[in-house]
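*Asks:* The listed protein sequences derive, respectively, from chains E and R. When we follow the numbering used here, the leftmost residue of the first sequence carries the number 19, and every step to the right adds one. When we follow the numbering used here, the leftmost residue of the second sequence carries the number 19, and every step to the right adds one.
Don't read these hints as lab results, they were simulated from the structure. One or more of the hints may lead you astray.
Each pair may be met inside one copy or between any two copies, as identical chains are not told apart.
As the list claims (entries may be wrong) - Subject to a maximum C-alpha distance of 30 Å in a straight line, what follows is the list of computed DSSO-like cross-link-like pairs (lysine-lysine): (1) Lys83 <-> Lys55; (2) Lys44 <-> Lys84; (3) Lys55 <-> Lys116; (4) Lys196 <-> Lys89; (5) Lys210 <-> Lys83; (6) Lys120 <-> Lys228; (7) Lys21 <-> Lys225; (8) Lys89 <-> Lys60; (9) Lys84 <-> Lys215; (10) Lys210 <-> Lys84; (11) Lys55 <-> Lys44; (12) Lys152 <-> Lys83; (13) Lys120 <-> Lys25; (14) Lys60 <-> Lys41; (15) Lys225 <-> Lys205; (16) Lys205 <-> Lys147; (17) Lys147 <-> Lys215.
Number of protein chains: 2
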Amino acid sequence: MGKLGIKNIGVYIPSTRTDNVEKLKKFGFKSTFLDEKIGVYKTSVKDVGDECSDMCVKAWTALAKKTSFNKDDVDVVVVATQNADTRMPHAAAYIHGKLDLKPSCASFDISLGCSGFVYGLSTITSFMKANGMKMGVLFTGDPYSKIIDQNDRNTSLLFGDAATATLITDDPEIVPGKFTFGTLGQKAEEIKLVDEKLFMNGSAVVKFVKRFIPDDIRNNISINGLTMDNIDRFILHQASKFMVDIVIKDLGIDKSRAPFDIHDYGNTISSSIPILLEKTLPQKELMNFLISGFGIGLSWASCVLTRI
Amino acid sequence: MGKLGIKNIGVYIPSTRTDNVEKLKKFGFKSTFLDEKIGVYKTSVKDVGDECSDMCVKAWTALAKKTSFNKDDVDVVVVATQNADTRMPHAAAYIHGKLDLKPSCASFDISLGCSGFVYGLSTITSFMKANGMKMGVLFTGDPYSKIIDQNDRNTSLLFGDAATATLITDDPEIVPGKFTFGTLGQKAEEIKLVDEKLFMNGSAVVKFVKRFIPDDIRNNISINGLTMDNIDRFILHQASKFMVDIVIKDLGIDKSRAPFDIHDYGNTISSSIPILLEKTLPQKELMNFLISGFGIGLSWASCVLTRI
Numbered sequence: 019m020g021k022l023g024i025k026n027i028g029v030y031i032p033s034t035r036t037d038n039v040e041k042l043k044k045f046g047f048k049s050t051f052l053d054e055k056i057g058v059y060k061t062s063v064k065d066v067g068d069e070c071s072d073m074c075v076k077a078w079t080a081l082a083k084k085t086s087f088n089k090d091d092v093d094v095v096v097v098a099t100q101n102a103d104t105r106m107p108h109a110a111a112y113i114h115g116k117l118d119l120k121p122s123c124a125s126f127d128i129s130l131g132c133s134g135f136v137y138g139l140s141t142i143t144s145f146m147k148a149n150g151m152k153m154g155v156l157f158t159g160d161p162y163s164k165i166i167d168q169n170d171r172n173t174s175l176l177f178g179d180a181a182t183a184t185l186i187t188d189d190p191e192i193v194p195g196k197f198t199f200g201t202l203g204q205k206a207e208e209i210k211l212v213d214e215k216l217f218m219n220g221s222a223v224v225k226f227v228k229r230f231i232p233d234d235i236r237n238n239i240s241i242n243g244l245t246m247d248n249i250d251r252f253i254l255h256q257a258s259k260f261m262v263d264i265v266i267k268d269l270g271i272d273k274s275r276a277p278f279d280i281h282d283y284g285n286t287i288s289s290s291i292p293i294l295l296e297k298t299l300p301q302k303e304l305m306n307f308l309i310s311g312f313g314i315g316l317s318w319a320s321c322v323l324t325r326i
Numbered sequence: 019m020g021k022l023g024i025k026n027i028g029v030y031i032p033s034t035r036t037d038n039v040e041k042l043k044k045f046g047f048k049s050t051f052l053d054e055k056i057g058v059y060k061t062s063v064k065d066v067g068d069e070c071s072d073m074c075v076k077a078w079t080a081l082a083k084k085t086s087f088n089k090d091d092v093d094v095v096v097v098a099t100q101n102a103d104t105r106m107p108h109a110a111a112y113i114h115g116k117l118d119l120k121p122s123c124a125s126f127d128i129s130l131g132c133s134g135f136v137y138g139l140s141t142i143t144s145f146m147k148a149n150g151m152k153m154g155v156l157f158t159g160d161p162y163s164k165i166i167d168q169n170d171r172n173t174s175l176l177f178g179d180a181a182t183a184t185l186i187t188d189d190p191e192i193v194p195g196k197f198t199f200g201t202l203g204q205k206a207e208e209i210k211l212v213d214e215k216l217f218m219n220g221s222a223v224v225k226f227v228k229r230f231i232p233d234d235i236r237n238n239i240s241i242n243g244l245t246m247d248n249i250d251r252f253i254l255h256q257a258s259k260f261m262v263d264i265v266i267k268d269l270g271i272d273k274s275r276a277p278f279d280i281h282d283y284g285n286t287i288s289s290s291i292p293i294l295l296e297k298t299l300p301q302k303e304l305m306n307f308l309i310s311g312f313g314i315g316l317s318w319a320s321c322v323l324t325r326i
């Protein structure tokens, strides 16, 4: 069996948008707040009635349009989400049913937020390798519009809904190298659900990112036997412009190597990295991608992906 | 690195019990219902204020009492649950914080129910192998007392609270062979949460178990290069006496080889298999254990564990 990696990525970003310029006035923010701090002018909102599994199925449809594969070859479905259709059963079961996948296909959710894609990529590829599986799909889909308090100035301008479907095969375009992971469990309550609404201690999260993420990225590149110069693109979790700028500055890299591109839809949690990766993949001259996810838990994970 | 497997298991079953004999009258069941159908006389109930992570920490304490290990060597924590402390963050983050584990320890939850331990065992061992990790802990803890409608005759006599902590190392007592998995996503709604209470279509679940589980167990034993006679103990998910009897009968095995032992605490979801396994492990003459979990999803997973 060849090395397992990413064959292609399907992306679904709902077409409905809310307008942050309108919201600015409500919260009394300066007009520069959108440009300099969050970098989000519109946030995407899922269709009425759509749940996590529906969004994931739409991402699967996008994937199927550009990649030919037989759904009966899918041996495992993993979903990174903390906002499944219901808490029980898991979203992977609904997706399995809606896509009419074979009974022998394994299915489970991973409960993680902004580090979910990187963790999920390690989990699904290692699960597949250990179980002799050749094809799997890693979904991300965390519809935060369900849990945002529209009166919360800390969160209501930031998050957008989206889903992605990443096809993992033994005939991949890019393969993961070594992963690094981390948890700051004693700060677990800095991002959490309170009465079904998101609470986020922004300054605690900034402090966390400064303390752990640039070091983890440098360490990850190093244990992959590479240097900063070898990395063609830094695909960082698109938390906010301010947060991405902090990491870029600490790493001392040019912004052109670390795209920030969520102006039109917002921070889509575990979907932010695969959305950006999908845009970057067609540029065949790019060989090495550093991906790094960080957020709720507090939690982080990084990896280098290399074109083969 | 040696093969990864189970070093030891810590079990926590709360001491508080509800009495099913009392409840029988309320629902008008015959007195034989407990003996012949569910096989549960008392159900365990978590301490007031305890959440999933608290129960898991108690299981960790039980594990630490009987096994010497350094908590700073723990590289990953995986929790199988669908009733974490809150939906966000994941229970693994709380456990990481409460146990004061190292920052480089990976942590995530898997959202699965009664198949959670078997899935979790494959997930954590494959994740550890792929990431070069030598020590991890797989927790199970699904406090159904939070979601049981005490007026529901289908569920209120059946489920008990418990948690387990399984130490995975490269110096194990028993190691997993090949796993099999399955999903019947089109029946995802036969066990689900409705208004924060458990709904279970008992007859649909019985039909599902009859159709898939004995065949999966036979298939799993076969792909592990063994025969039914090689299996010393069949550690089946302890769904109910009726359900375990169905599987035993179909497999044509003697009941002495497939223990049913939940009279005093009930169906503890993903904890039922590790609880039984912990009791069986000290019997050194037993070499091969078939484990099989099945339930919400609908979902199933089986594996043979072998003493080394």
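*Asks:* Each hint: holds or not?
*Replies:* Structure-based check of each hint:
no. : hint              : result
1   : Lys83 <-> Lys55   : neither (36 Å within a copy, 50 Å between copies)
2   : Lys44 <-> Lys84   : neither (42 Å within a copy, 59 Å between copies)
3   : Lys55 <-> Lys116  : neither (40 Å within a copy, 34 Å between copies)
4   : Lys196 <-> Lys89  : both (29 Å within a copy, 23 Å between copies)
5   : Lys210 <-> Lys83  : neither (36 Å within a copy, 32 Å between copies)
6   : Lys120 <-> Lys228 : between (45 Å within a copy, 18 Å between copies)
7   : Lys21 <-> Lys225  : neither (37 Å within a copy, 39 Å between copies)
8   : Lys89 <-> Lys60   : neither (35 Å within a copy, 45 Å between copies)
9   : Lys84 <-> Lys215  : neither (36 Å within a copy, 41 Å between copies)
10  : Lys210 <-> Lys84  : neither (37 Å within a copy, 34 Å between copies)
11  : Lys55 <-> Lys44   : within (17 Å within a copy, 60 Å between copies)
12  : Lys152 <-> Lys83  : within (20 Å within a copy, 41 Å between copies)
13  : Lys120 <-> Lys25  : within (21 Å within a copy, 34 Å between copies)
14  : Lys60 <-> Lys41   : within (10 Å within a copy, 55 Å between copies)
15  : Lys225 <-> Lys205 : within (11 Å within a copy, 45 Å between copies)
16  : Lys205 <-> Lys147 : between (33 Å within a copy, 28 Å between copies)
17  : Lys147 <-> Lys215 : neither (38 Å within a copy, 37 Å between copies)
This entry does not satisfy hints 1, 2, 3, 5, 7, 8, 9, 10, 17, going by the numbered hints stated previously.
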